[in-house]
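Peer 1: Whenever a hint applies, use it, and build me the whole structure from the sequences.
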Amino acid sequence: MPMEMKQQYANSPTTYEGYGSRLGVEKGAILDWSDYYFMHYLPSSLKDYKKWPASPSSCREVFDEYGKELVKLSGRLMKVLSLNLGLEETILEKAFGAQVLSNAKYKSVEHRVIVNSDQERVSLAFFYNPKSDIPIEPLKQLVTPEKPALYPAMTYDEYRLFIRMRGPRGKSQVESMKSPR
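In my numbering, the protein residues as written are 1 to 181.
Among the hints, a few may not be true.
[As the list claims (entries may be wrong)] Keeping only pairs whose Cα atoms sit at most 27 angstroms apart, straight-line, the calculated DSSO-like set for lysine-lysine is:
hint : residue 1 : residue 2
1    : Lys-105   : Lys-131
2    : Lys-47    : Lys-131
3    : Lys-50    : Lys-68
4    : Lys-79    : Lys-107
5    : Lys-6     : Lys-79
6    : Lys-131   : Lys-107
7    : Lys-178   : Lys-107
8    : Lys-51    : Lys-131
9    : Lys-72    : Lys-107
10   : Lys-79    : Lys-131
11   : Lys-105   : Lys-50
12   : Lys-178   : Lys-105
13   : Lys-105   : Lys-79
14   : Lys-79    : Lys-140
15   : Lys-51    : Lys-107
16   : Lys-131   : Lys-50
17   : Lys-51    : Lys-79
18   : Lys-79    : Lys-147
19   : Lys-68    : Lys-79
20   : Lys-47    : Lys-6
21   : Lys-72    : Lys-51
22   : Lys-105   : Lys-51
23   : Lys-47    : Lys-72
24   : Lys-178   : Lys-79
25   : Lys-51    : Lys-6
26   : Lys-178   : Lys-147
27   : Lys-6     : Lys-50
28   : Lys-105   : Lys-72
29   : Lys-131   : Lys-68
30   : Lys-140   : Lys-105
None of these hints come from the bench; they were simulated from the model.
Peer 2: This is the structure we're talking about:
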């Protein structure tokens, strides 16, 4: 992306949305090795087409259609994962954070990248996040005296702030939130 486009779509210190190159805001936080381009898809009230690239001319329309399909796929996956845990099929779709909700029966995947000094790498990620004020904690149906809750309750906003302040740290983010036993 040319520098003038990066500046045109640059994010602000208060949001990820748009072009950026640093996820950690705390001094001394580990920095990401890459630039990113973040766009809200849902809820519609957060979608800001002014932050979506307008070049090529079909870009916004293509991202919109792609987003619709990803939301459908994510909903299907949440149903399958819920049923696999022996729960109602809608339980995970109403919640967030499979590792926390499943009390570590499902593990989050660590993002790993092999750096290639000869060739650029482009990835497209889609995050299926909850409303910002919903408490996230192990589901009561999966907590027993023998398997106590491994994680304390935390809203998604609190979780995002936690990650943003620390910068990218892989699986250690979710592991560091475990309740002391």
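Peer 1: Does Lys-79 sit within 27 angstroms of Lys-6, going by the straight-line distance between their CA atoms?
Peer 2: Violated - the C-alpha atoms of Lys-79 and Lys-6 are around 38 angstroms apart, more than 27 angstroms.
Peer 1: Is it true that the CA of Lys-105 sits at most 27 angstroms from the CA of Lys-51?
Peer 2: Status violated; Cα separation ~37 angstroms.
Peer 1: Mind checking the alpha carbons of Lys-178 and Lys-147 for me, to see if they're no more than 27 angstroms apart?
Peer 2: holds, 13 angstroms
Peer 1: Taken at face value, is the distance from the CA of Lys-79 to the CA of Lys-105 at most 27 angstroms?
Peer 2: holds, 16 angstroms
Peer 1: Within 27 angstroms, alpha carbon to alpha carbon, are Lys-79 and Lys-140?
Peer 2: Given pair Lys-79, Lys-140 holds - Cα atoms ~18 angstroms apart, limit 27 angstroms.
Peer 1: Measure nothing beyond the straight line between the CA atoms of Lys-105 and Lys-72; if it is 27 angstroms or shorter, mark the hint as holding.
Peer 2: Holds - the C-alpha atoms of Lys-72 and Lys-105 are around 24 angstroms apart, at most 27 angstroms.
Peer 1: Between Lys-79 and Lys-107, is the straight-line Cα distance small enough, at 27 angstroms or below?
Peer 2: Status holds; Cα separation ~17 angstroms.
Peer 1: Does Lys-131 pair with Lys-50 here, judged by a C-alpha cut-off of 27 angstroms?
Peer 2: holds, 22 angstroms
Peer 1: Between Lys-178 and Lys-107, does the CA-CA distance stay at or below 27 angstroms?
Peer 2: holds, 13 angstroms
Peer 1: Is Lys-178 close enough to Lys-79, meaning Cα to Cα at most 27 angstroms?
Peer 2: The hint holds at about 26 angstroms.
Peer 1: Starting from Lys-50, check that the Cα of Lys-68 is at most 27 angstroms away, please.
Peer 2: Since the Cα atoms of Lys-50 and Lys-68 sit roughly 19 angstroms apart, the hinted pair holds (cutoff 27 angstroms).
Peer 1: Between Lys-51 and Lys-107, is the straight-line Cα distance small enough, at 27 angstroms or below?
Peer 2: Roughly 33 angstroms separates the two Cα atoms, so the pair is violated.
Against the hints set out earlier in the document, violations occur for numbers 5, 11, 15, 17 and 22.
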